[in-house]
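The hints should help you fit chain S onto chain P, whose structure is shown.
Protein chains in written order, with the numbering used here: chain P, 859 to 1291; chain S, 859 to 1291.
Heads up, some of the hints might be wrong.
[To be verified] Once the Cα atoms are required to be at most 27 Å apart in a straight line, the calculated DSSO-like pairs of lysine-lysine come out as:
(1) K1132/P / K1132/S
(2) K1119/P / K880/S
(3) K1132/S / K1101/S
(4) K1119/S / K880/P
(5) K1132/P / K1140/S
(6) K1140/P / K1140/S
(7) K1209/P / K1140/S
(8) K1045/P / K909/P
(9) K1132/S / K1101/P
If you are wondering where the hints come from, they were derived from the structure by calculation, not from laboratory data.
Residue-level listing of the chains:
Protein chains: 2
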Amino acid sequence: MSAPSLQIGLAGFGNVGAGVYKNIQKNSHLLLERSGRDLVVRRIAVRDPAKAREVKLPPELVTTNLDDLVLDPEIDMIIELIGGIDRAFAFVKAALENGKAVVTGNKALLAERGQELFAIAEEHGRPIYYEAAVAGGIPIIKTVQESLIGNHIQSVVGIINGTCNYILTRMTEANLRYEEALEEAQKLGYAEADPTLDVNGWDAAHKAIILASLSYGCWVPCDKIYVEGVESVRAEDIAFADKLGYTIKLLGVIKLHEESKAIEVRVQPSLVAKDHILSSVKGVFNAILVQGDVVGETLFYGSGAGQDPTSSSVIADIADAAANIDARDGSGFITHGLYGKPLPIEESVSKYYLRVEAEDRPGVLARIATVLGDHGIGILSLIQPEDHNEEYAPIVLMLHFAPFGRVREALKVIRAMDCIRDEPALLRVEDLG
Amino acid sequence: MSAPSLQIGLAGFGNVGAGVYKNIQKNSHLLLERSGRDLVVRRIAVRDPAKAREVKLPPELVTTNLDDLVLDPEIDMIIELIGGIDRAFAFVKAALENGKAVVTGNKALLAERGQELFAIAEEHGRPIYYEAAVAGGIPIIKTVQESLIGNHIQSVVGIINGTCNYILTRMTEANLRYEEALEEAQKLGYAEADPTLDVNGWDAAHKAIILASLSYGCWVPCDKIYVEGVESVRAEDIAFADKLGYTIKLLGVIKLHEESKAIEVRVQPSLVAKDHILSSVKGVFNAILVQGDVVGETLFYGSGAGQDPTSSSVIADIADAAANIDARDGSGFITHGLYGKPLPIEESVSKYYLRVEAEDRPGVLARIATVLGDHGIGILSLIQPEDHNEEYAPIVLMLHFAPFGRVREALKVIRAMDCIRDEPALLRVEDLG
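Here chain P stands alone, though its shape is the one from the complex:
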């Protein structure tokens, strides 16, 4: 008796799509043994069949028309790896309406229009799987949804952009400037020719929105989250942070405020204590720290991008969808509106690292301290390097817990002082306990 098969329509044969196809073939025997189903790629939709590709496109499966996947009654499941938002939305919607299960790795699509898509999925009783959309090969979606099902998620803090982590790692370990590290990342294929979405923090922000929806059942609109990238991180701040016992990492932070039920979601370069395990996450690796009320602290680490790691997650989703294909049950993978509203960034509280370039004369520090004091912001420690021979010198302050809005107000006053030169550098200090 031959095993039952699962018929797959694969849309997109770029880096990840080709990896999915390649690895399903490579480990087909294993997948059959473990899942009890023969996973068959029945049709592949691409824009340009003639394009040169590293993984050979099987010509008999190719179409350029997404409808050939959606309307094929033999196809059980659609894998959406075409990227973009509007066309992908229309395609996924049509797939769900035609009774297909959907697997997608499209973080922008989910962050922008996930709420609509999950409503459509629920209406049609079909699931959407999206393990590959966050942190590549790390199974963070399944972990939060299934393994931590008995936990109230207290916070999720992640290094969820490999390009940024590579840049910061090289700035830290090889004393490179931002521009040098970025160039190196581009040469090695870790950053795209246009790296904007990575370095400005928005790729991480899309993932943070998905993690927030998963943890709290609340889709935070893109315009309600605070996002800073790594472009403005300066080599000297990395060096000062090092002296203070910290590493600088681009962190996505998702946190529930128990009393107000507000959800804090932000992406910012942040100081992490060197002896915290997140500090050991180097190069293009990703890691996500999840704090649950029952499990305590957990961390999940792996490759956050790349053809093979990401396809590992897509294949896991396919196997899950295969196991549940007859259930016609869209729930369990749809998040519900359990909790409240996004927290305004001004109200988010942390410690801070602040560097200002100030005139090197008596009284200047007192003036800065007075402004901070007037805003109710405590100073934890201070570095004033002695080895400089210029008129202006850096002052580095570690500030106590304070709302971000109040710190920004104080900074505005400090920036306007005649003894201050250049933009001050303000970074979060994440207290990871």
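For chain S alone, coordinates are given in the frame of chain P:
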């Protein structure tokens, strides 16, 4: 309409059992919302109902007879947390035969008699879930079985005993001797009054056997795996390892040898490079590094023991069992005999750290090097501390890749030399790439 319920029979109300009961009550609303089922603890079996307990035992649910759980037709699922082997085996077997799904956290039971139990489970089409049996709150079982389903597992390397990791961490960071660190661990409740099973490596070995069965579908018998604990780790070896750029960790290592299809399973104190993320795993935390052919390197970190973290895993298993309770399908959670036989420990290859106490006179080192050379073992580096004023002095050698059997042979010869005092210290150096 009220939600469908799932009726649970809980056996054992010790540390973990009480945690499961407590946390199911605490987050019952959340569990109902997420799983769509009302998880009801219907009966609790304990040895001594009168015992004083931190979590109050609900008297109306209590029985001292395990049959009251097994034979109750209303009970859908049994949670086995009574510990031990023979009584637990009989109980789980009876539960499966009576059509119950089983959740267990009993690593010794599975390591010793898992093969029999899974055969019984398959025969009766009922599943056994065991997330809590390995690494407490870390969802390593589900991750390997589901999230990495598309991967050939190449190796699993884990810090899977929190007591040992606490002892080694304190020896490293506070320069304690083994006995001092153990005493501290006992005072803090991280080690039991009789710590034998933890410190001799067998608790980790049971977990390694389960991880091997999961990765390779092969139950390695307990007498075929090589186990060393932490009792013989000396403070001076931790200090020398530190000088050489390494931390000493008790590692469980599971590895497939591609060509011979032999499975290497061993537990030993091992040197891990300080810049590897496993080195950052401190105190009672556990972490498991999994290398898959598609996903690459991944790591999963969290509390490896304790009431709450372990009950988080039990509750996840309950929710999984609830979701599949009507499927009457035991597979997917039963491992099959995919691959071969255990690798004899003599054939396992690694680098090594070797310390010998030798007479401090010319020619001694040459004699040791000659013995190593005669056995085909290369020397990578050498430390001979100068600051000693005794007749005997330590010589620390880092040895190149060699089969363990051959290194032990050489060591026997070296040990018998008249210029050598005390037992030499031999530790693995794990090359984690």
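Checklist entry - Going through the earlier hints one by one, which of them does the structure break, listed in rising order? => result Of the numbered hints given earlier, the structure breaks none, since each of them holds.
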